[in-house]
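Colleague: Residue numbers (numbering that gives the first Met the number 0), protein chains in the order written: chain W, 0 to 248; chain L, 0 to 387.
By construction, these hints were calculated from the structure, which means they are not laboratory data.
Nothing here was measured: the structure is a model prediction, and the numbers come from that model.
There may be inaccurate statements among the hints.
[Stated by the list, open to error] In silico DSS-like links for lysine-lysine, alpha-carbon gap of 27 Å or less:
#1 L:Lys-259 - L:Lys-348
#2 L:Lys-322 - L:Lys-136
#3 L:Lys-348 - W:Lys-238
#4 L:Lys-83 - L:Lys-61
#5 L:Lys-358 - L:Lys-348
#6 L:Lys-61 - W:Lys-147
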Amino acid sequence: MEVVPHIEVRGLSMAYGEFVVQRDLAFRVNPGDIFVIMGGNGCGKTTLMRALTGLQRPASGTVLYGGEDFWNAAPEDQERLQRRLGIMFQGGALWSSLTLAENVALPLAEYVDLSPSHIAEIVSFKLALVGLAGFEDFYPSELSGGMKKRASLARAMALDPEILIIDEPSSGLDPLTARRLDDLILELRDSLGATIVVISHDLASILTIGSDSIYLDAETHTMIATGNPRQALQSGDAKVRHFLTRGTA
Amino acid sequence: MTNAFESPAAGKAGQMLDMRYVGGDGLLVVLSGRWCLDRALPSRDAVEQALSEGVEDVRRLKFDAASLGAWDSGLLTFLAGVLKACAARGIEVDQDGLPEGIRRLLAMAFAVPEQKVARRSGRDANLLARVGTATMKMFHGAPAMLRFLGEITLSFLRLLGGRARFRVSDMWLEVEQVGPRALPIVSVISFLVGLILAYLGADQLRLVGAQIFIADLVAIGMVREIGALMTGIIIAGRTGAAFAAQLGTMQVNEEIDAFKTLGISPIDFLVLPRMLALMLMVPLLTLYSGFVGMLAGLLVSVFIFDISLFEYYNETLRALELKHFWVGLSKGTVYGAMVAFAGCLRGMKCGRSAEAVGKAATSAVVTGILLITIAASVMTIVYYQLEI
């Protein structure tokens with residue numbers, strides 16, 4: 000029996016007015032995949048992320064979550080589908096006026112009928128999962144860049160989403176912290192069985208965690224390669240190999 | 000002994016938690032069914048109760064999850080609680096009976112020990128302590144304000160010496176923002192205030208048959224006091240808040256630190272053009288406000304109270320002296336400086352978060368209006384004593 004992909008994109012084009020950022024994108028993200036969206040600066044990775052997460056309507060095409068068309072769904076269905084996603088934004092996007100515990104608790108308080116003490120337990124567990132046990136009462140401005148990213152991941156996981164979308168997990172982090180975050184993502188995939196979409200141009204990260212990928216080209220404004228990034232490095236499109244070897248191949 | 004625990008709310012979902020004492024000192028925790036947050040889940044208190052009610056002390060705890068269905072954070076937090084309870088009692092836990100994914104997640108959660116020092120204390124301090132802390136904070140803010148005033152003074156001295164580094168185009172940009180773009184709102188407010196003054200005067204002066212003095216009241220009132228005051232308050236809300244938000248955002252983005260590291264004074268580059276722009280434009284807006292107010296007074300007097308246009312015009316000319324304009328202009332200049340000072344002070348001292356920018360903007364308006372009010376009182380008394 001064919002596996003229903005967690006995410007399926009068909010003929011997706013995104014534009015700002017007349018300017019087409021990417022056109023005719025088509026790919027599938029299967030359950031348990033770590034799917035990497037890669038490409039150089041300005042190729043439209045974050046715009047694609049916004050189209051996938053319901054933040055920006057694409058110019059044309061469809062995004063299906065578990066077979067349900069997101070952009071043609073009724074607003075209440077869109078909301079339900081969005082709750083299947085957990086999103087970690089590039090800069091963390093933690094709410095600065097709330098403590099870490101309040102940041103993680105807010106989606107739980109909004110969508111799950113639990114007592115405050117039970118929510119507090121879940122919040123502590125999520126923060127412990129990302130190595131931030133005991134930082135419940137801290138405000139985002141009191142944390143380092145790596146801690147903010149991990150706290151943002153804890154918030155993204157608050158509602159136990161099927162799909163985690165992570166925008167530039169390693170940007171602004173030192174190599175060891177970036178590596179630890181990669182390990183955390185792999186561990187979450189293996190233990191939770193979550194599907195993870197990662198937007199990245201960090202080569203080490205792409206090759207370490209990616210099980211499938213697409214490469215968005217800024218010149219032709221479309222995807223020019225799909226597949227496992229390690230295979231793409233060996234035998235893929237010349238432009239992709241050029242990208243994955245930092246211009247040495 | 001077998002204890003079965005089932006939350007009543009679980010309904011027909013079946014038994015989820017069962018416990019059996021095994022081998023004298025062991026407790027087997029049997030998990031079954033669907034353990035998800037969308038339903039009521041058993042409490043770990045039941046396990047803790049079983050741990051303390053055994054015939055002999057429980058020394059080992061095992062899990063049986065053969066019949067466990069779907070699970071999420073609900074089960075994980077339950078198990079984390081059980082593990083902590085066992086650790087506190089020195090009970091050995093065998094996790095082999097749990098699915099591998101759960102074991103790995105629990106291992107991750109306990110991999111980094113809790114940062115005990117990280118927990119905050121004193122968050123719920125009593126009212127007296129909080130009032131005391133807030134008062135001390137307010138007094139600690141005073142030296143910062145004086146230091147900032149000193150820095151601005153030095154910056155002005157550098158400007159007079161031709162050594163201040165800022166782009167003149169920035170100043171003109173600010174001039175455009177605070178001057179011409181503020182005209183519509185200054186026009187509306189000044190017209191309405193002039194209108195109110197005329198009605199207020201007419202009501203009282205009618206009692207003594209001296210309605211013609213509406214012209215004196217409106218002219219002197221608008222040119223000397225109200226024009227400057229209203230313009231100052233409008234600019235505090237419009238421009239003071241904008242200054243604080245702009246500089247606060249630059250503080251968040253480390254742009255101000257970048258100036259400092261390059262040896263460029265952020266006071267010269269950012270504060271000085273804003274101070275100059277407001278000190279230049281607020282007096283002009285004050286004059287404009289006075290004229291708009293007088294126009295409103297004229298319209299009310301002519302069309303409502305039957306005073307002729309020439310009578311009103313002549314009375315206005317007779318009432319107004321050059322000193323009134325100087326008083327209005329001097330007040331406008333001081334208010335402009337006060338608003339720029341408050342806006343720039345709050346922006347430059349802003350924290351590094353979005354919330355801090357909002358607080359800086361609010362504080363800039365409050366500080367600006369407070370400073371304007373204090374300055375207005377002092378200047379009115381001084382001018383009165385000097386018979387200006």
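Colleague: Taking the earlier hints as the rules, which of them does this structure contradict?
Modeller: Violated hints: 2, 3, 6; rest satisfied.
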